[in-house]
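S.K.: Fit chain B to the given chain A structure using the hints.
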Amino acid sequence: MTGANAMLAAATPLLWVRIFASALQVVAVAVGGPLLLGLMGKVRARAESRIGPPITQGLADLRKLVRKEAIRAEHTSAVASLAPLVLLGSAVVASAVTPLLTTSTIITGGGDLFVVVYLLLMGSVALALGGLDAGTAFGGMGSSRAMTIGAISEPALLVAILAMAVQAKTSSLPGIVAGTLAHPAWLTSPQWILALAALAIVVIAETGRIPVDNPSTHLELTMIREAMMLEYAGPDLSMVTAGEAMRFALLLGLLVNLFFPWGVDTSRSVAALLIALVALAAKTALLAIVIALIEVSTAKLRLFRIPELLAGGFVLAVMAVTAGLVIK
Amino acid sequence: MVAYLTGLCAAVLASLLGLVLPPRWRVRGSGILSATACVFSMASAGEVLASGNSYSLHTSLLLPFTGADLALDPLSALFIATTAVVGFSVSLYTIAYAAHTPNNRALVATQPAFLATLLLVPAASSVATFMIAWELMALTSLIALLTEHRERPETRDAAQWYAAMTHAGAAFILLGLILLAARTGEQSFASIAASRPLLSMPIASAVFVLTFIGFASKAGAVPLHVWLPRAHPEAPSPISALMSGAMVSLGIYGILRVDETLLGGGKLWWWLLVVAMGVASALFGALHSSASADLKRLLAYSTVDNIGLVLIGVGAAGALLANGQRILASLALLAALYQLVNHSLFKGTLFLGAGAVQHATGTRDLDQLGGLAARMPLTTTLFAVAALAICAVPGLNGFASEWLLLQGLLHGFAAHPAVTQAAMLTGVAALALTGGLTATAFVKAIGTGFLGQPRTGAAESAREVAPSMVAGMAVLALGCVVLGILPGLVVPALDRAASAGLAGGAPNSLASGLGLDLTSLKSAIEPGQLAAGLLAVVTVAWGGLKLAQKRAGFYRPRRTEAWGCGRELQTPRMEITATSFAEPLQRVFADVLRPNHDLEVTHIAESQYFVEAITFHRSVDDAIERVAYRPVISAMSWWGRLARRVPNGSVHRYLAFGFVALVLVLAALT
Numbered sequence: 001m002t003g004a005n006a007m008l009a010a011a012t013p014l015l016w017v018r019i020f021a022s023a024l025q026v027v028a029v030a031v032g033g034p035l036l037l038g039l040m041g042k043v044r045a046r047a048e049s050r051i052g053p054p055i056t057q058g059l060a061d062l063r064k065l066v067r068k069e070a071i072r073a074e075h076t077s078a079v080a081s082l083a084p085l086v087l088l089g090s091a092v093v094a095s096a097v098t099p100l101l102t103t104s105t106i107i108t109g110g111g112d113l114f115v116v117v118y119l120l121l122m123g124s125v126a127l128a129l130g131g132l133d134a135g136t137a138f139g140g141m142g143s144s145r146a147m148t149i150g151a152i153s154e155p156a157l158l159v160a161i162l163a164m165a166v167q168a169k170t171s172s173l174p175g176i177v178a179g180t181l182a183h184p185a186w187l188t189s190p191q192w193i194l195a196l197a198a199l200a201i202v203v204i205a206e207t208g209r210i211p212v213d214n215p216s217t218h219l220e221l222t223m224i225r226e227a228m229m230l231e232y233a234g235p236d237l238s239m240v241t242a243g244e245a246m247r248f249a250l251l252l253g254l255l256v257n258l259f260f261p262w263g264v265d266t267s268r269s270v271a272a273l274l275i276a277l278v279a280l281a282a283k284t285a286l287l288a289i290v291i292a293l294i295e296v297s298t299a300k301l302r303l304f305r306i307p308e309l310l311a312g313g314f315v316l317a318v319m320a321v322t323a324g325l326v327i328k
Numbered sequence: 329m330v331a332y333l334t335g336l337c338a339a340v341l342a343s344l345l346g347l348v349l350p351p352r353w354r355v356r357g358s359g360i361l362s363a364t365a366c367v368f369s370m371a372s373a374g375e376v377l378a379s380g381n382s383y384s385l386h387t388s389l390l391l392p393f394t395g396a397d398l399a400l401d402p403l404s405a406l407f408i409a410t411t412a413v414v415g416f417s418v419s420l421y422t423i424a425y426a427a428h429t430p431n432n433r434a435l436v437a438t439q440p441a442f443l444a445t446l447l448l449v450p451a452a453s454s455v456a457t458f459m460i461a462w463e464l465m466a467l468t469s470l471i472a473l474l475t476e477h478r479e480r481p482e483t484r485d486a487a488q489w490y491a492a493m494t495h496a497g498a499a500f501i502l503l504g505l506i507l508l509a510a511r512t513g514e515q516s517f518a519s520i521a522a523s524r525p526l527l528s529m530p531i532a533s534a535v536f537v538l539t540f541i542g543f544a545s546k547a548g549a550v551p552l553h554v555w556l557p558r559a560h561p562e563a564p565s566p567i568s569a570l571m572s573g574a575m576v577s578l579g580i581y582g583i584l585r586v587d588e589t590l591l592g593g594g595k596l597w598w599w600l601l602v603v604a605m606g607v608a609s610a611l612f613g614a615l616h617s618s619a620s621a622d623l624k625r626l627l628a629y630s631t632v633d634n635i636g637l638v639l640i641g642v643g644a645a646g647a648l649l650a651n652g653q654r655i656l657a658s659l660a661l662l663a664a665l666y667q668l669v670n671h672s673l674f675k676g677t678l679f680l681g682a683g684a685v686q687h688a689t690g691t692r693d694l695d696q697l698g699g700l701a702a703r704m705p706l707t708t709t710l711f712a713v714a715a716l717a718i719c720a721v722p723g724l725n726g727f728a729s730e731w732l733l734l735q736g737l738l739h740g741f742a743a744h745p746a747v748t749q750a751a752m753l754t755g756v757a758a759l760a761l762t763g764g765l766t767a768t769a770f771v772k773a774i775g776t777g778f779l780g781q782p783r784t785g786a787a788e789s790a791r792e793v794a795p796s797m798v799a800g801m802a803v804l805a806l807g808c809v810v811l812g813i814l815p816g817l818v819v820p821a822l823d824r825a826a827s828a829g830l831a832g833g834a835p836n837s838l839a840s841g842l843g844l845d846l847t848s849l850k851s852a853i854e855p856g857q858l859a860a861g862l863l864a865v866v867t868v869a870w871g872g873l874k875l876a877q878k879r880a881g882f883y884r885p886r887r888t889e890a891w892g893c894g895r896e897l898q899t900p901r902m903e904i905t906a907t908s909f910a911e912p913l914q915r916v917f918a919d920v921l922r923p924n925h926d927l928e929v930t931h932i933a934e935s936q937y938f939v940e941a942i943t944f945h946r947s948v949d950d951a952i953e954r955v956a957y958r959p960v961i962s963a964m965s966w967w968g969r970l971a972r973r974v975p976n977g978s979v980h981r982y983l984a985f986g987f988v989a990l991v992l993v994l995a996a997l998t
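Protein chains in written order, with our numbering: chain A, 1 to 328; chain B, 329 to 998.
Isolated chain A, as found in the complex:
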């Protein structure tokens, strides 16, 4: 039995502990998402010599939107009311099962990497269908672009996961995180670093950040993700915004935990959970600041140059897998 395996076998605590840990993760992601976006906005503003809105602006916006009147476009079907719910729901479930704070989450043996990927895909599909529901020009255009980018980022994502799963001999996320904690040498191996690069590109694409998409644009021809949300208002908009922020925080948290797992709780004590919370906040905040600084200094790519970037990510991921074969 390897170290990782022994660790997993030891870490199957009581149900209520796991429920508590998962609930804490959901809350952390739900609150952390808007805060991270606020932090990035602040960093960008400062870099551009502006003062910028306060970091908590995102949370205040959500609070405001929830109390506004719900308005829907006239030709919409049930999809328009379901899509925000599904987007939010998939983000919540994904945050509950991903080992962000602890390796023992609510679903036994859950938290499989592929599950997280497909849950996020579910959210994307819901958002894209929502974009098409009102029958407006921009919504459809945004859906078309977002699905295209999603389709070509998928191979890089899954092959990068394959590179890590082959190393850890499992696709279960708690297994991978526990494995890296037991074998820190993995983290500096070429395949892990190449897979990191590939995953980083995919995360940028999936969350719609520069250079793939610009979340602060409302210029018609450059919008991708924003275009799908144009028809939402009030509580629907609050769910979509919250869902998107959660996806962002979740992907960032996943990325830092895959490549810098220290701080994740494997001992299931409350103190360890709190330490994990602080560690996660610090790690993701650092990554968010780095991303914000890169965003300030880079221009958005032309839409038809994005496939090249993502193909680059795919090549990195394939190199990661082959590096794992060559270097033993």
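Calculated directly from the structure, the hints in this document are not laboratory data. Only a predicted model underlies this, so the values are computations on that prediction, with no experimental measurement involved. All residues carry an ideal CB built from backbone N, CA and C; glycine is no exception. The reader is advised that the hints may include incorrect statements.
[Claimed, not checked] Listed below are the simulated DSS-like cross-link pairs for lysine-lysine, each with C-alpha atoms no more than 27 Å apart in a straight line:
1) B:Lys874 with A:Lys64
2) A:Lys300 with A:Lys42
3) B:Lys878 with A:Lys68
4) A:Lys42 with A:Lys64
5) A:Lys64 with B:Lys878
6) A:Lys68 with B:Lys874
[To be verified] Here chain A is said to cover these stretches of chain B; the calculated rule only asks that three of the stretch's residues, wherever they fall, bring their Cβ under 8 Å from a Cβ of chain A:
7) 688-701
8) 904-912
M.R.: Just chain B now, with coordinates in the frame of chain A:
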């Protein structure tokens, strides 16, 4: 076995009833009997799958010289059960579908006959019986394809392609099986498998190549798929559902039965070839389905894509078995079979749904549809469930099987020769890209076909279809949900089928509760728990927001115009069409898809500086067909024209031919 034979007879009887009954009774009588036939077959196959027993039957009746051999084992029972489920829904669906079709006798009579042959093929257990059943299936499907729109040139064209491809494929299978039977001296499958050691490897490889070509063409694997995107759209929709949900699967059955169990696994390169064809099919099919604006053509290409995924799993299983990894091999095969069963369920629903749309609007062009969600809510819901299942959304069946397939490939990656590892890696990459492309294709299908505003009067005046059509779709869509939430229910049956489909059997790979638990591989998922969690979150969020709204004094969402960029009126012409939805992907993959552009500018007579009209035409046809098949066809017709000059009607010339031939034969014999 008795139940199975009863089912078979009932299906044949249903076909006869369809032929002889007067129009008033025809549709119901035949439809209900055909559905009953499926229930009987289902019961029989279900018993075999649940118990793992095998039955066989030999009768000297029916076929001269050899007699007919039928056998049921878990592998054939799985295919019979799947066919029976699809057949049951199709039979229900046809009742209302045919009732609204004038001249419905041909359709009503051939649908149960086609169904009977589909139920017969997996049970055939000797070379002669198998080939007869296979040819009957080809013939009935060909007639069924022509029942509705035989006067349309596209349908005739499709029938010609289908007839040529299916018979060429059958010829390859026949050659392979004759070679196999001649070398072993046996003709029943059981004795062939027993005298397998008599085969030398080159002969076995020749049999593999011949039969694989034949079976792959029936399965619609690239590059032998060209008939499929023509035949599936042109066939009446219940027949398309049977073709895609059951007939295409039998190509995979043939590969498993003949190449895996009869030939005993064979060489590694066989299975790498299967994986390669699977990867090509998956990518090519997914790309074309995401570029297609014709709903049924989109579904047909998506069948090519799904068969590709199944072939990747089958090939991975064979390759792992050739490397001696039985547990992983049976896992990969189980995943492939699961994917195949799921494909039957969701593709059956989707084709029936497309038929309902065509029935209600008279078109299957997504660019002419839109707004059906408000007009056909049940059809839309069922179509959407199946479409989300095919996109592998967690909680529906496509997710469970894709997860298993990914696990099979992931752990198969540990297998040793580097070429196997490369095959597994390519498989994962193909699976990933297809996943994304499939999601694009089906978001497009739902989003432009069913959501938004209707683009034409036909879509505007669409009404919900008759209850029996809805019931047909609902049965299959329910299957997608059940197999997605509780995969543990079907896994034992799939496991039995998978070990019957591997040479020498294989140990059970899954210790399974209601979810999927690969204990030995340290991986597990609980789709039921995921779905329950999702439902809980959605309910809580919905309730919470309702409450917040009530406290703020708002009771129901206000409806208002969508934002029209400052214009006053939002017209359907502003909506994105299916063609423009697919445009970015077409541009990215232009090297593979090779779209045809045609820009025609007409100037006014007085001056060429002023334009009178611009027509832009864009189409995506099948590049493989253009490159690989068109030259062969034109060479054949050239040869035909050349040969036609020889017989000019003169009796003297024919006598001379006879004489020359006689001399040549004598010369050859002496």
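S.K.: Could you run down the list of hints and mark each one as holding or not?
M.R.: Comparing the hints with the structure gives:
In summary, the hint linking B:Lys874 to A:Lys64 is supported, as the alpha carbons are separated by about 15 Å, within the 27 Å threshold. This hinted pair checks out: A:Lys300 and A:Lys42 have alpha carbons roughly 19 Å apart, not beyond 27 Å. For the hint pairing B:Lys878 with A:Lys68, the CA-to-CA distance comes to about 11 Å; that is within 27 Å, so the pair holds. Annotation: proposed proximity of A:Lys42 to A:Lys64 holds, straight-line Cα distance about 20 Å (limit 27 Å).
A distance of roughly 15 Å separates the Cα atoms of A:Lys64 and B:Lys878; the hinted pair therefore holds under the 27 Å criterion. With a C-alpha separation of about 11 Å, the suggested pair A:Lys68 and B:Lys874 falls inside the 27 Å cut-off, and the hint holds. Counting residues of the stretch 688-701 of chain B whose C-beta sits closer than 8 Å to any C-beta of chain A gives 3, which meets the bar of three, so the coverage hint holds. Chain A is given as covering the stretch 904-912 of chain B, and this holds because 6 residues of the stretch bring a CB closer than 8 Å to a CB of that chain, at least three being needed.
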